[in-house]
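Model the placement of chain Z on the given structure of chain V, informed by the hints.
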Amino acid sequence: MAALPPSSSARARAAARKKRLGRALMAAPLVVLLLAFLVYPVGQLLALSVWGKAGFSLAAYQQLFASPLYFNVMLITLKISFFTTVLSVVGGYPIAYLISVASPERKATLLFWVLLSFWTSFLVRAFAWIVILGRRGVLNHLLTSLGIIDTPADLLYNFGSVLVGMVHALMPLAILTMLAVMENIDRTLPRAASTLGARPGTAFWKIYFPLSLPGVAAAAIMVFVTAIGFFIVPALLGGRRETMITQLIIDQVLQTLNWGFAGAISVLLLLVVLVVFVLYDKLLGLSSMTGTSAPRAATARPQGFGHRIGDAILTLLGDVSDRIIAVFPRGRRDGAKPPRPLVAFVWIVLVLMSLPAVLMIPLSFGSGGLNWPPQGFTLQWYREMLDSPVWAQALTRSLLVGLGTGVLSMLIGTPAAFLLVRGDMRGKGAMLAFVLSPIVVPRMIIAVGLFYMFARIGLVGTALGLVLGHTVVAVPYVVMTMMAVLRNYDTRLDLAAQSLGARPLATLRYVTLPILGAGMMSSFLFAFATSFDELTIALFASGGLNATLPKQFWDEVTLQVSPVIAAVSTCLFVFIAVLIFAADRLRRRSVAS
Amino acid sequence: MTDLPGSGASRRTLLKGAALGAAAVMMPAVWSPSRAAGKRIVVRDDGGIYTKAYGAVFYKPFTEKTGIEVVGVQASAEPTAQIKSMVETKNYTWDMAKISKPAILMLTTGDTLYLEKHGLESDPVIATIPQQYMSPYGVGTNVYTTVLAYRTDAFKGKAAPSSWADFWNVKDFPGRRSVRKHPFDTIEEAIMATGVPTSQVYPCDVDKAFAKLDAIKPYVAVWWTSGALVEQVLASGEVDMIPTWVSRAQAAQAKGAPVEIIWNQGIWGGDHWSILAGTPNADACREFIKFASDPKRMAALTEFFPAGVTQPAAFDYIKPEIAKSCPTYPANIASGLQIDAAYWLKNQAAVIERFNSWILS
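Quick note, the sequences are listed as chains V and Z, same order. Residues 1 to 593, numbered by this note's numbering, are exactly what the first sequence covers, in order. Residues 1 to 361, numbered by this note's numbering, are exactly what the second sequence covers, in order.
Extracted from the complex, chain V is given alone in its bound form (with noise of 0.2 Å):
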């Protein structure tokens, strides 16, 4: 008996040693990954600013503090991507939440027309843009032939002509972050508390709001690092003032290579960003984040002066609804359907985002370019584009791209997610900021530090290296959704399949995978959309070998501005379709039989 305790306690050293070596195993994919292709290419990049061909120096920091240029730019890039935030998170909330309700038929044409705006290269988006609102653009065609106003209005190469594009950009973003949380959110709750008498508006303020917090939180900070690292639809879109600090990277890269200030600038850029997420973290208590304070806000809700004053507006909010909803005549329906306003809203918006690519419909067919009105019929730009193989090459190389950025990230982020929510260990914060610092570290850097890389083992060029640098950036989206999911996820639905005799391996095939399957499904879209639309990496990591398709968009504009973007977009526009249509028929008979 003297024995038991002794080996009962090695027992548990080996238990816990397990339980670390398992940590360690969900979380070496991403780090290695990580530090093999983000760290050590860009670590190599951004030394440069402190170590030049002299040894150490502070020249660079001294240059960038010496004019009040780069402060501002930094602030014009901080406006910018604020706004771009909010508009994306406001306007997007009500579409997830409808997606989040709707029928499994009504959620895919729904998650069709969001994702729509993906599918067509967002240099064509920009063009589209420039085309609805320049002066003699669509818009103004519209309300001078109406007769609303004399002269075109401006409406084109200024601030709001730039939000409009990025948020444009950035709306499915948030839509899907949302989403995946919304999916989540136990429709029985608010259910209850129509049932406690309710009345809808308080329902949804004071019980479904803050259960989607999370994602709204999520989505947020997804959108906003995204948007700090935009450049070309500032630049396409943008007046005078509308400069984003990645444009001066830029030009100290390709234009000065002046490789240490570049460093200097994009070390001010990450700085500032770390500090945006934590003040972000600070003030508005997402430190559920990291997912520590989930469930203890799940249990017992801190009484602190914050919350008191979020719950007053809350309350505010769900009586002001429910008078708005009052006043309009309503047929006693069970609060199964959606509010009819809400959805006039929704396809409002969703009409606004799938404009741009709608628009290249008739103009693929027009005779006069990329302008409005389009005129004559014309199939050339067709012609042109089966005439070449090129833009077939570059959908197939794009969609082998996507899928294998699609995979890798799902396999390497999933389980990274679950060690951030699940385990428990120090160091979260840190983590989860390095899980980010892909996004926030500019795409220029990125893809010049890789090719700088690929050069030297033979990447260069290979859908293989296209593959990992893609992952690279995609690999955020899939951890930061599928932990908003998991954060909501009840894990005692694990523990009652174990008490039930489960094994691990069963419980996650059978119990968790199921129901994190929304989840999943949209942090592959996520990692693929990302690859689909990816530029930057594509132009320098395949040292102009075997283009993607954005690459081959790029290619085309940068000498010449024809149609024939505009006829391979309507081609992608009917093949997405095409797909989507049988992957909902196969669905369907794979139901019936």
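Fair warning: there could be bad hints in the mix.
[Said to hold, decoys possible] Selected chain Z positions facing chain V (Cβ under 10 Å, derived; list incomplete):
| hint | residue |
| --- | --- |
| 1 | Val73 |
| 2 | Gln82 |
| 3 | Arg354 |
| 4 | Leu360 |
Since the hints were made in silico from the structure, they are not lab data. Yeah, the Cβ is synthetic: ideal placement off N, Cα and C, and Gly gets one too.
Okay, now just chain Z, sitting in the frame of chain V:
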């Protein structure tokens, strides 16, 4: 860049990581590019119509003649960063590139030379190319010009602008203007607008240029950043006059837009065939450069677009009506200003910073 560390050990680790990644996504081997040295050269060009025209006029005929395959690839506008990386890592994704004079200077000033001396100056084909298009590290093959372009429909029955001074003269030449959101060319334009003759533009009086730019700032409707945007605003009539790369204005004309080009005071620079230092295919590249410098062959490019042919003899084979639209047409060069690449190499960092501050204020 020259002192980026790269040890064999880390390379091996990375290779292992890459192999792991390869296994993970099960990439078929056919995806990786294969090329036999000497049988194929990869040339960076400007893509689009250039790849098309060069393919027909240079690449394919060269392959037929020598058996050496030529692959044209397109990369970012100033591919100096890529060339540096390729030469430093000795991994020649490209063997040669079509690059500008400033890019050549940037790659050959300093301790490391990233380009190979072509040594073809005395070759009979190359020797007839005028000195102004040549560099020890590059053989001139094209000239690009920044010109003033305007919409004829905006100046119907009115005097149209014909110089940078007119572009700045908002009283006599009203209309929507667009200016490049970058100091390159813009500084020169402003200086010429003050009445300075082309021969005295360099070294640029930057204070004078910014003072002149102040005058036009409130009248600029669009600040353009990319050639694609120029073509769009010009073709759609969003702006009435714009300083632009001539190829863009010509592309808008080709689409049927009522656009006129002012060659007077055009700002031109050369594009060159340059060989990456240390490439194993350097000699094949030299053969290609000689092949592509033949006047008659250069002239054939004009069937695709009005190319800036660098062989004066090429004009013997070019139709007169097209010749006038070529950047290197003698009259166009004579009234123009050659970009001083050395000036910009020395001053670009300071001027770009000042321009960026100025535009925000």
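Checked hints:
1. Val73: Hint on Z:Val73: holds, closest Cβ of chain V at ~3 Å, below 10 Å.
2. Gln82: Holds, because the Cβ-Cβ distance from Z:Gln82 to chain V comes to roughly 6 Å (cut-off 10 Å).
3. Arg354: holds, 9 Å
4. Leu360: holds, 6 Å
Consistency with the previously given hints is maintained throughout, with no hint failing.
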